[in-house]
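2 protein chains.
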Amino acid sequence: MTDKELKSKRIAILSPVAWRTPPRAYGAWETVAGNIAEGLVARGWKNITLFATKDSITKAKLVSFVDKGYEEDKSQIPSVSTCLHISKTLEQAGDFDLIHNNFDFLPLTYTPFIKTPMLTTIHGFSEPDILRVYYDHKDSYFVSISDSDRDPGLPYLATVYNGIDLSSLTFRDKPGDKLVHYGRIHNDKGTHLVIEVAKKCGMELIIAGIIQDQEYFDTQIKPHINQSSIRFIGPVDPVLRDELLKEAYAVLHLNTIPERFGLVMAESMAAGVPVIAMDLGSCREVIVDKQTGYLVNDVEQAVEVVGKIDLIDRKKCRRRVEENFTIDRMVENYEKVYKMIFENR
Amino acid sequence: MTDKELKSKRIAILSPVAWRTPPRAYGAWETVAGNIAEGLVARGWKNITLFATKDSITKAKLVSFVDKGYEEDKSQIPSVSTCLHISKTLEQAGDFDLIHNNFDFLPLTYTPFIKTPMLTTIHGFSEPDILRVYYDHKDSYFVSISDSDRDPGLPYLATVYNGIDLSSLTFRDKPGDKLVHYGRIHNDKGTHLVIEVAKKCGMELIIAGIIQDQEYFDTQIKPHINQSSIRFIGPVDPVLRDELLKEAYAVLHLNTIPERFGLVMAESMAAGVPVIAMDLGSCREVIVDKQTGYLVNDVEQAVEVVGKIDLIDRKKCRRRVEENFTIDRMVENYEKVYKMIFENR
Numbered sequence: 001m002t003d004k005e006l007k008s009k010r011i012a013i014l015s016p017v018a019w020r021t022p023p024r025a026y027g028a029w030e031t032v033a034g035n036i037a038e039g040l041v042a043r044g045w046k047n048i049t050l051f052a053t054k055d056s057i058t059k060a061k062l063v064s065f066v067d068k069g070y071e072e073d074k075s076q077i078p079s080v081s082t083c084l085h086i087s088k089t090l091e092q093a094g095d096f097d098l099i100h101n102n103f104d105f106l107p108l109t110y111t112p113f114i115k116t117p118m119l120t121t122i123h124g125f126s127e128p129d130i131l132r133v134y135y136d137h138k139d140s141y142f143v144s145i146s147d148s149d150r151d152p153g154l155p156y157l158a159t160v161y162n163g164i165d166l167s168s169l170t171f172r173d174k175p176g177d178k179l180v181h182y183g184r185i186h187n188d189k190g191t192h193l194v195i196e197v198a199k200k201c202g203m204e205l206i207i208a209g210i211i212q213d214q215e216y217f218d219t220q221i222k223p224h225i226n227q228s229s230i231r232f233i234g235p236v237d238p239v240l241r242d243e244l245l246k247e248a249y250a251v252l253h254l255n256t257i258p259e260r261f262g263l264v265m266a267e268s269m270a271a272g273v274p275v276i277a278m279d280l281g282s283c284r285e286v287i288v289d290k291q292t293g294y295l296v297n298d299v300e301q302a303v304e305v306v307g308k309i310d311l312i313d314r315k316k317c318r319r320r321v322e323e324n325f326t327i328d329r330m331v332e333n334y335e336k337v338y339k340m341i342f343e344n345r
Numbered sequence: 001m002t003d004k005e006l007k008s009k010r011i012a013i014l015s016p017v018a019w020r021t022p023p024r025a026y027g028a029w030e031t032v033a034g035n036i037a038e039g040l041v042a043r044g045w046k047n048i049t050l051f052a053t054k055d056s057i058t059k060a061k062l063v064s065f066v067d068k069g070y071e072e073d074k075s076q077i078p079s080v081s082t083c084l085h086i087s088k089t090l091e092q093a094g095d096f097d098l099i100h101n102n103f104d105f106l107p108l109t110y111t112p113f114i115k116t117p118m119l120t121t122i123h124g125f126s127e128p129d130i131l132r133v134y135y136d137h138k139d140s141y142f143v144s145i146s147d148s149d150r151d152p153g154l155p156y157l158a159t160v161y162n163g164i165d166l167s168s169l170t171f172r173d174k175p176g177d178k179l180v181h182y183g184r185i186h187n188d189k190g191t192h193l194v195i196e197v198a199k200k201c202g203m204e205l206i207i208a209g210i211i212q213d214q215e216y217f218d219t220q221i222k223p224h225i226n227q228s229s230i231r232f233i234g235p236v237d238p239v240l241r242d243e244l245l246k247e248a249y250a251v252l253h254l255n256t257i258p259e260r261f262g263l264v265m266a267e268s269m270a271a272g273v274p275v276i277a278m279d280l281g282s283c284r285e286v287i288v289d290k291q292t293g294y295l296v297n298d299v300e301q302a303v304e305v306v307g308k309i310d311l312i313d314r315k316k317c318r319r320r321v322e323e324n325f326t327i328d329r330m331v332e333n334y335e336k337v338y339k340m341i342f343e344n345r
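Chains as they are written, first to last, in the working numbering: chain A, 1 to 345; chain B, 1 to 345.
Bear in mind the hints are in silico, worked out from the structure with no lab data behind them. Because the structure is a prediction, the values reported are computed rather than measured. A couple of the hints might just be wrong.
Treat identical chains as interchangeable: a pair holds within one or across any two.
[Said to hold, decoys possible] DSS-like mimics (lysine-lysine), calculated; alpha carbons at most 30 Å apart, straight line:
#1 K138 to K115
#2 K115 to K88
#3 K178 to K59
#4 K138 to K88
#5 K54 to K308
#6 K68 to K138
#7 K74 to K138
#8 K9 to K68
#9 K7 to K222
#10 K200 to K336
#11 K174 to K246
#12 K9 to K315
#13 K9 to K138
#14 K316 to K4
#15 K246 to K74
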């Protein structure tokens, strides 16, 4: 298959509809799905269609069955919006050569009814029970987002790391003077551990992100926030995120469960900010220990390596991302996967 | 189409998988779906397949993709079990002449992919937003369970009232001496109003059923329960229900929202027990006012008609059910609907 033949294939990119694509602030799966669509168009693909909310923004063709993200419009029942979005997308399956599913398990249940192949990027296993659906559709095509986030019972075509949009992440060689932590505020992301580290180091800390577990926030985070040494600034869009990273001496990412990929780590490094991350899941695939940040096992080690941040070359952080985690690199890897599917059918 | 031709058609009865079919205690949709399957077999249909949980009991052929009801096995994610149950059932659509869906809106989203017609009994609109899916599949076939429970924007083939199994409901001409209220313990069912009535009448009250809203139960019901004049006995299976109705002077059904059908009212009348019901929704289709119970508009009226229960002929209550709400009558009506579908395609 020539490059020209490949790039004329008709690809449907199925994004979730929890948020707009790309999301205004939070929405990791929509971010990646959007980046795939934009990246394919940028690399010269002629027939890319993004299936996402109606208010989505894309250079691909946009097709929508849901006006707004259900997280942004509480009059919607999520299960209603998702089943309509998915089923009506797949009713058009015959118009495409490949469906690239970025929307979890439900689309798989329609695959026995359509002839077009479906590639599913498994952005995460929210619960072990969802494996029942994946196991039931093992004859489909799967991509993992890190080598560590793989279920041993599933066949994968490849790992394709997420790619991020570098244009909104300014590289700064000069470090800020604060510790920064951002993403979802949830026990999984270890915000409480980050607070512990900041206190022990006697450094200022800025926390940003959506509160995903209100009880966790109210009981374990809020009591520590004083809006001086420990500040909480809520969710950040790409512009605010860039401002935030300017302040960062280091980004702390003390996840308490295995990380699946870790967009936050890639974004931080893109801005030249070293990352201190728990050595769980994909963190060691994203960070190069002692080169672009530090992998640690507990709060004590995190405190210790804050003292070694100056040993990290911030240019190396940026380069790590440029070489491995750009949209272009991601899409280049997806092109290989698409080609594999087309040539093996 | 001859009766013989009709009864040789291959029918798939799709039951929900929240509970076993028939359910051990609560599970209204599973009850009706099960009754349809058993009723068709009893009326001589040769090719009836019930799609339900693996532990279900039926004289039809049973096919299962889910071991147990997700309400009875909390390791299951409901959305995983439902999408597997529905999609794998519909993968077999080609083996059937008709799919009779008793499982809400999700099965409709697979209809564009299958050739077999689907008849959906709309057992209730849990939320207005689910109409988005129904409106999107107006070319499908719908049955309402009462004339009052119809959405004006949808085409219906007929109303088919639910049928109940009379064999487990003993008719007793001699009234009990207690007020009885059973079903889901939820504000919608007006349990708190029933307590008010019982107190004002100075009569003993027995409440039975599953607690569907724990906060409602804890704040509005539990404080009144003394296990003497006001008793709560939890959920009842058909055997316990029969014992309960033996105690009943009248059944109080003071629903605060329009009733869709009201199995409880039919069951009560089958046991010869008059029903005092709020005049909302289908109640006036199930009860004949002043003949098999009383329709009321508030607590005061309910108190008043408790004093008139002796005017009701309990045999008439039973007859009302025998003539209108038996499984056989329900299935007879569904046969007419099935025939309509087969003859108009």
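* Give me the numbers of the hints this structure contradicts, sorted from smallest to largest. => 3, 5, 9, 10, 12, 14, 15
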